[in-house]
Amino acid sequence: MISRKFNYLISILFTLVIISCQQSLVKKSETRGDVDSTLFFKQIEIQDPFFEAIQNSGEQKFSLTKKLIPPPQPIPESSKFKEIEGYRVQIFAGVDSIGTISNKIKATQITADTIYFLADKGLYKLQIGDYPYYPQADSVKRNFRQNGYPGAWIVKRQIFIPIKDTTGVAKGEQVQPTVSPNQNTTGKYKIQVIVTGTENKARQICNELKSSLNVLTFYESAGNLFKVFVGSFDDETIARDTLEKIRKLNYTDAWLVY
Amino acid sequence: MKFQYILLPVLLFLISCTPGIKRIDETRSPDIRVLLSSISSKDSIEFKGIYKLHSEEAEYEFGTANNLLYIVPSEEGLLLYNQNRYLEYRNSSVVRFNASDHDSHFLYRGREYNGDLYFLISEDSPVYLINKLALEEYLRGVVPAEIPCNDMANYEAVKAQTICARTYSLNKMEKLRDKDFDVFADVRDQVYSGVLSYHPAADKAIQETKGIILTYNNQPATIYYHSTCGGKLEPVENVFGNIIMPYLPQGTDAVSDIFSCSASPRFRWVENRTFSQLDSSFFQYYNKSNLINVPPVTDTLNLQMGINVLERTSTGRVTKLAINYADTSVVLEDSNIRRFLGWPLGTSLNSNLFYISQSNDSTLTFHGGGYGHGVGMCQYGALNMSRKGFRYYHILSKYFPGTLLSKGY
Numbered sequence: 000m001i002s003r004k005f006n007y008l009i010s011i012l013f014t015l016v017i018i019s020c021q022q023s024l025v026k027k028s029e030t031r032g033d034v035d036s037t038l039f040f041k042q043i044e045i046q047d048p049f050f051e052a053i054q055n056s057g058e059q060k061f062s063l064t065k066k067l068i069p070p071p072q073p074i075p076e077s078s079k080f081k082e083i084e085g086y087r088v089q090i091f092a093g094v095d096s097i098g099t100i101s102n103k104i105k106a107t108q109i110t111a112d113t114i115y116f117l118a119d120k121g122l123y124k125l126q127i128g129d130y131p132y133y134p135q136a137d138s139v140k141r142n143f144r145q146n147g148y149p150g151a152w153i154v155k156r157q158i159f160i161p162i163k164d165t166t167g168v169a170k171g172e173q174v175q176p177t178v179s180p181n182q183n184t185t186g187k188y189k190i191q192v193i194v195t196g197t198e199n200k201a202r203q204i205c206n207e208l209k210s211s212l213n214v215l216t217f218y219e220s221a222g223n224l225f226k227v228f229v230g231s232f233d234d235e236t237i238a239r240d241t242l243e244k245i246r247k248l249n250y251t252d253a254w255l256v257y
Numbered sequence: 000m001k002f003q004y005i006l007l008p009v010l011l012f013l014i015s016c017t018p019g020i021k022r023i024d025e026t027r028s029p030d031i032r033v034l035l036s037s038i039s040s041k042d043s044i045e046f047k048g049i050y051k052l053h054s055e056e057a058e059y060e061f062g063t064a065n066n067l068l069y070i071v072p073s074e075e076g077l078l079l080y081n082q083n084r085y086l087e088y089r090n091s092s093v094v095r096f097n098a099s100d101h102d103s104h105f106l107y108r109g110r111e112y113n114g115d116l117y118f119l120i121s122e123d124s125p126v127y128l129i130n131k132l133a134l135e136e137y138l139r140g141v142v143p144a145e146i147p148c149n150d151m152a153n154y155e156a157v158k159a160q161t162i163c164a165r166t167y168s169l170n171k172m173e174k175l176r177d178k179d180f181d182v183f184a185d186v187r188d189q190v191y192s193g194v195l196s197y198h199p200a201a202d203k204a205i206q207e208t209k210g211i212i213l214t215y216n217n218q219p220a221t222i223y224y225h226s227t228c229g230g231k232l233e234p235v236e237n238v239f240g241n242i243i244m245p246y247l248p249q250g251t252d253a254v255s256d257i258f259s260c261s262a263s264p265r266f267r268w269v270e271n272r273t274f275s276q277l278d279s280s281f282f283q284y285y286n287k288s289n290l291i292n293v294p295p296v297t298d299t300l301n302l303q304m305g306i307n308v309l310e311r312t313s314t315g316r317v318t319k320l321a322i323n324y325a326d327t328s329v330v331l332e333d334s335n336i337r338r339f340l341g342w343p344l345g346t347s348l349n350s351n352l353f354y355i356s357q358s359n360d361s362t363l364t365f366h367g368g369g370y371g372h373g374v375g376m377c378q379y380g381a382l383n384m385s386r387k388g389f390r391y392y393h394i395l396s397k398y399f400p401g402t403l404l405s406k407g408y
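Chains as they are written, first to last, in numbering that gives the first Met the number 0: chain G, 0 to 257; chain E, 0 to 408.
Think of the hints as simulated: they come from the structure by calculation, not from any bench.
Take these hints with a grain of salt, some might be off.
Stated by the list, open to error - Think about it this way: if two alpha-carbon atoms lie no more than 27 Å apart in a straight line, the pair counts; the simulated DSS-like pairs of lysine-lysine are:
| hint | chain 1 | residue 1 | chain 2 | residue 2 |
| --- | --- | --- | --- | --- |
| 1 | E | 209 | E | 131 |
| 2 | G | 60 | E | 319 |
| 3 | G | 65 | E | 209 |
| 4 | G | 60 | E | 287 |
| 5 | E | 131 | G | 66 |
| 6 | G | 65 | E | 131 |
Using the sequences provided together with the hints, build the complete structure.
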């Protein structure tokens with residue numbers, strides 16, 4: 000009897016366990032809407048000024064402009080000096096800088112012109128200048144050769160000269176015209192050296208002749224032209240001698256005016 | 000005795016009712032081929048760990064005495080050498096270096112990579128340097144580069160990003176099975192930063208979602224994502240052509256009454272472009288300019304440039320922009336608009352979602368929203384949702400409604 004009751008009890012218990020194990024028989028709980036409901040918030044139309052601006056902009060048209068202005072004129076080179084082709088006298092070149100400096104000190108006792116100290120191609124060089132005309136440089140060269148620099152020679156190169164001073168002497172030193180004892184300004188004879196269209200050239204030639212021949216020179220305006228003269232001379236022989244010297248300086252068209 | 004007859008079937012039934020023991024998915028993660036670089040001039044690789052080079056003649060071991068390997072591509076093929084080895088390969092060959100163990104990695108252009116590497120030598124293209132590794136391992140170098148992992152409040156977004164990255168990769172792997180490689184290692188696909196970018200939070204997310212992808216019609220879903228949508232998600236067909244993907248949402252992206260990505264630093268932005276900058280862009284893309292390589296002007300000159308917004312999508316993104324300049328008229332479309340307006344040159348404007356105002360005669364101001372194309376998942380939107388307590392499947396069901404989370408492998 001007890002055994003039968005026990006069997007019933009066991010059977011009921013098993014039945015309860017079986018029912019609890021069968022998911023299909025278990026009543027499902029309600030979904031917990033609150034937990035995930037934030038995902039399904041009712042969408043609210045958001046008023047946003049950015050999207051309103053886009054909506055109002057529609058098809059936009061823009062025109063950009065840029066003004067291009069010509070660049071300012073280049074600043075003119077210094078009005079004080081200009082670069083021309085000229086000459087210097089090289090008196091020394093060596094590998095020893097100290098030796099070069101001592102020679103520079105020595106050279107100051109020989110000339111009052113500018114002494115350039117250069118480092119070029121592995122050598123230290125001393126050059127005297129600047130001279131726009133060869134005869135000036137030649138004169139300086141000879142002077143240095145006689146004063147302990149037998150190797151002095153003339154170097155052709157670009158030099159700077161004062162722009163208003165076309166006398167051709169370095170450092171703007173103004174050369175006063177020198178008059179030969181045999182010359183005067185009221186003589187009968189004078190030499191017309193050249194006729195040129197530019198006043199500067201006329202002035203340059205005057206200065207060149209003045210320094211190389213130590214004669215009185217001047218130029219005259221004749222319409223658009225400028226005539227360069229040497230003289231005048233009282234003595235025809237002296238005038239003709241001077242004419243020869245001038246012609247040797249490549250002014251082959253020079254002629255005697257009287 | 001009767002009791003025993005009853006007990007036996009009951010026990011059997013009970014056993015059938017116990018929760019099923021989960022089957023362990025022993026399927027190995029598939030390998031992905033990542034193009035690290037196209038090498039056209041001398042380069043080098045440093046091994047950190049043992050790498051074995053199998054060739055027909057012998058098996059060479061690198062990484063013990065031979066850490067550094069120089070790579071010299073030539074017209075005939077490829078030259079590999081270091082202090083001990085000098086190996087020449089002709090075109091149409093593949094040179095494979097297999098990592099001897101999981102800890103072996105290699106250093107290339109300042110980044111360390113795990114897995115095998117091989118050189119693909121062909122006559123028509125530069126030498127390809129390809130990193131082949133398990134997809135799960137690859138994701139470790141991708142996820143931290145794509146989304147910030149430092150803050151655990153972002154964790155659900157990291158998981159969502161992991162599933163997106165895995166789905167994207169698997170999709171590419173299936174589509175490009177017959178090609179030389181599956182993905183680029185940069186923004187052309189997904190940024191892959193290698194070993195040094197590994198992050199514990201990303202590793203955890205990868206582990207917890209191992210093999211899970213998004214599917215649509217039992218196929219891996221095509222995934223798009225971007226940094227910041229600016230408040231409006233763009234329909235995919237407006238950006239990527241005439242393709243229909245019903246599971247990609249469009250329109251306002253908001254949670255309650257706030258735009259999802261409003262916390263993004265690029266949610267709203269303003270950028271100026273001057274006449275000179277636009278001239279430089281025009282020269283870069285159309286080789287015409289009124290300011291570059293032109294003779295100096297001798298008289299005052301007024302240059303003109305016309306910019307017209309021709310077309311916008313329903314969300315407001317500009318899809319056609321006309322430019323009239325230097326006797327040339329061009330109509331820019333879609334991503335070319337962003338490229339043209341990007342400054343410095345070579346970069347892109349944050350997005351096509353903008354309107355323009357004119358600041359002065361020679362300057363335009365772009366008032367914009369968002370960063371990226373605006374299609375698919377907005378990463379800053381996902382981060383925002385994660386911080387608000389949403390789970391990764393909420394995020395994914397918001398941005399890819401209709402897709403299912405499934406085991407990809």
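Comparing the hints with the structure gives:
1. E/209 <-> E/131: 19 Å, holds
2. G/60 <-> E/319: At roughly 12 Å apart (the allowed maximum being 27 Å), residue 319 of chain E and residue 60 of chain G satisfy the hint.
3. G/65 <-> E/209: 59 Å, violated
4. G/60 <-> E/287: 22 Å, holds
5. E/131 <-> G/66: 57 Å, violated
6. G/65 <-> E/131: Status violated; Cα separation ~54 Å.
Violated hints, in rising order: 3, 5 and 6; the structure is consistent with all others.
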